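Residue numbering for the sequence shown follows our numbering, starting at 1 and increasing by one per position.
A few of these clues could be false.
[Unchecked claim] Dumping the calculated DSS-like pairs for lysine-lysine here, alpha-carbon to alpha-carbon at most 27 Å:
| id | residue 1 | residue 2 |
| --- | --- | --- |
| 1 | K459 | K385 |
| 2 | K166 | K134 |
| 3 | K134 | K355 |
These are computed hints drawn from the structure, not numbers from a lab. Owing to the predicted nature of the structure, the values given are computational and were not obtained by experimental measurement.
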Amino acid sequence: MEKFPASMTAIHRVLQATAAVAAAIVVTTCLAAPMDTAQAATAHAQTPPRSASTPNIIFVISDDLGWADVGFHGSEIRTPTLDRLAHEGVQLDRYYTYAVCSPTRAALMSGRSSLETGVDAPVALDSQLPADTKLLPEQLKSAGYQTMMVGKWHLGQADVAWMPFKRGFDSFYGFLGGFVDHYHHLTPGGQLDWQRDGVSIREEGYTTDLLTQEAVTRIKARDKTRPFFLYLAYDAPHSPLQAPEADVKAYENIADMRRRVYAAMVTHFDAKLAEVVKTVEDEGLSRDTIIVWVSDNGGQIGAGSRNLPLRGGKGTTFEGGERVPAVAYWPGHFQGGRKIESPVTVLDWFPTLLKVAGVTVPTDPRIVGHDARPTFEGRKVKSAKMVIGNHNQGEGYYESAFEWPWKLLRVPTPAYAQLTPGTQFPPATVLPRGISGPTSLQLFDVVKDPGETTDLSAKYPEVVARLTAQLNAAPRAPISLSQWAPERRRLTGGGPGGGGGPPRNGPGGGPGPQGQGAGQGAPGNVVSEGDLPGGSAFAGYTVEKGKPVAESARGAIVAPN
Numbered sequence: 001m002e003k004f005p006a007s008m009t010a011i012h013r014v015l016q017a018t019a020a021v022a023a024a025i026v027v028t029t030c031l032a033a034p035m036d037t038a039q040a041a042t043a044h045a046q047t048p049p050r051s052a053s054t055p056n057i058i059f060v061i062s063d064d065l066g067w068a069d070v071g072f073h074g075s076e077i078r079t080p081t082l083d084r085l086a087h088e089g090v091q092l093d094r095y096y097t098y099a100v101c102s103p104t105r106a107a108l109m110s111g112r113s114s115l116e117t118g119v120d121a122p123v124a125l126d127s128q129l130p131a132d133t134k135l136l137p138e139q140l141k142s143a144g145y146q147t148m149m150v151g152k153w154h155l156g157q158a159d160v161a162w163m164p165f166k167r168g169f170d171s172f173y174g175f176l177g178g179f180v181d182h183y184h185h186l187t188p189g190g191q192l193d194w195q196r197d198g199v200s201i202r203e204e205g206y207t208t209d210l211l212t213q214e215a216v217t218r219i220k221a222r223d224k225t226r227p228f229f230l231y232l233a234y235d236a237p238h239s240p241l242q243a244p245e246a247d248v249k250a251y252e253n254i255a256d257m258r259r260r261v262y263a264a265m266v267t268h269f270d271a272k273l274a275e276v277v278k279t280v281e282d283e284g285l286s287r288d289t290i291i292v293w294v295s296d297n298g299g300q301i302g303a304g305s306r307n308l309p310l311r312g313g314k315g316t317t318f319e320g321g322e323r324v325p326a327v328a329y330w331p332g333h334f335q336g337g338r339k340i341e342s343p344v345t346v347l348d349w350f351p352t353l354l355k356v357a358g359v360t361v362p363t364d365p366r367i368v369g370h371d372a373r374p375t376f377e378g379r380k381v382k383s384a385k386m387v388i389g390n391h392n393q394g395e396g397y398y399e400s401a402f403e404w405p406w407k408l409l410r411v412p413t414p415a416y417a418q419l420t421p422g423t424q425f426p427p428a429t430v431l432p433r434g435i436s437g438p439t440s441l442q443l444f445d446v447v448k449d450p451g452e453t454t455d456l457s458a459k460y461p462e463v464v465a466r467l468t469a470q471l472n473a474a475p476r477a478p479i480s481l482s483q484w485a486p487e488r489r490r491l492t493g494g495g496p497g498g499g500g501g502p503p504r505n506g507p508g509g510g511p512g513p514q515g516q517g518a519g520q521g522a523p524g525n526v527v528s529e530g531d532l533p534g535g536s537a538f539a540g541y542t543v544e545k546g547k548p549v550a551e552s553a554r555g556a557i558v559a560p561n
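Could you build the full structure based on these sequences and the hints that come with them?
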């Protein structure tokens, strides 16, 4: 088994434990638009003819990109492509998502709350996004769409049936776990996690470049008689902090090396996104293609990102963890140059994109969110009430309830210690799943006080009581599917870094989930290889093909310890 080079190991010792946190969100009352009452369209024996009004959909996600990390928010990081999309498209100024990756992706794909599905944190190696729902690509495929996924999945990996090409995507190129080295595509445990449709591949190249090349190729090679859905999930600027040397040198004015490399990763991604946009334009698809760009969660503080003036960061239910930059761009349909102040959540994409594609939204009551098209078109809508829950390894559950502009937070009491804007929670006591253990309540007006500096709970007890009732009423799965949940570690016997015990062979001859943790988390904010979730598509999980390449990051600059 390959191991990280010594130079790569150092990278992980300067990063925070990005997989130790998670979030989940559920819209409890949809006031913007009523949910459809008809069942979803069923698959046709023959591909339905394309309607002139049926758009292509390109949904782009950046990984761990913070509020203050884009040019259109005044960042020193240069993002001309994102700035253009924001200025010519619709800027979603109050876009809310989960505070970590798996819950965000689960909600996007299913339209269901991650508290309700159990995907309330990085999904465990022996778990997947529940199979009892028809995912977004499956819905679109039934309407004649070509469905392509490029990038990060993180919704199930131990069984081929859990992989993207078995969950509605016609094709998949990328990786299955939480993150990989950007150059040799290995997990911290030295496992290869890079594949095409279930076949592991070894190839040289920076992940951002490879994913872009694949996306461009897929667009050009599409069936021009049918619309397409491209889910492009970049892994930048998620750790490890690595970027091409030329991009890093362009930020020599940034003294903090972590911030410098992080900035280079973001700008490099932005330049590659420009290639995707140019391809759409060159193919004459601009007015026929809606492009959505979002970050999956707030920036990881300590790993180069910034969320100021918002409080907190990745993993927290403060604004810095769940309010992220987002843009919707559709020339000729969405009037550009507007900043939308009405709240939009990640759960809204499922019904919105189905409606855009002309697909009937299922009547499944577990599907929440609302059609956000009226918001994008500038019409006034009432803000939805919503509950956000967050499972944080080592601490327990963070929760917040919204009734615009009010936001109530209920978190483990020890976690409140000295958290100021731009910082993260210190380590605290482990709490079991659900509402138990000592908790604290704080109430904020997030419109007047986006930095969440003034607790108004004592002044408005009736609001606290009303929002607390909403927190208690939020649907919850009986067990968390997170690798960090205390009850999951009890069930599987695995430590914080893994999904269970030794490998076990399944019917197909491949091993099942494999625990990788040493049983003890890394002290403080230090990450060691044994603590990280090593999602993998290595030999045994898929068919290993190709010759090994040099396991080095030539031409890369990495943030030092």
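Which numbered hints fail: As far as the earlier hints go, not one is violated by this structure.
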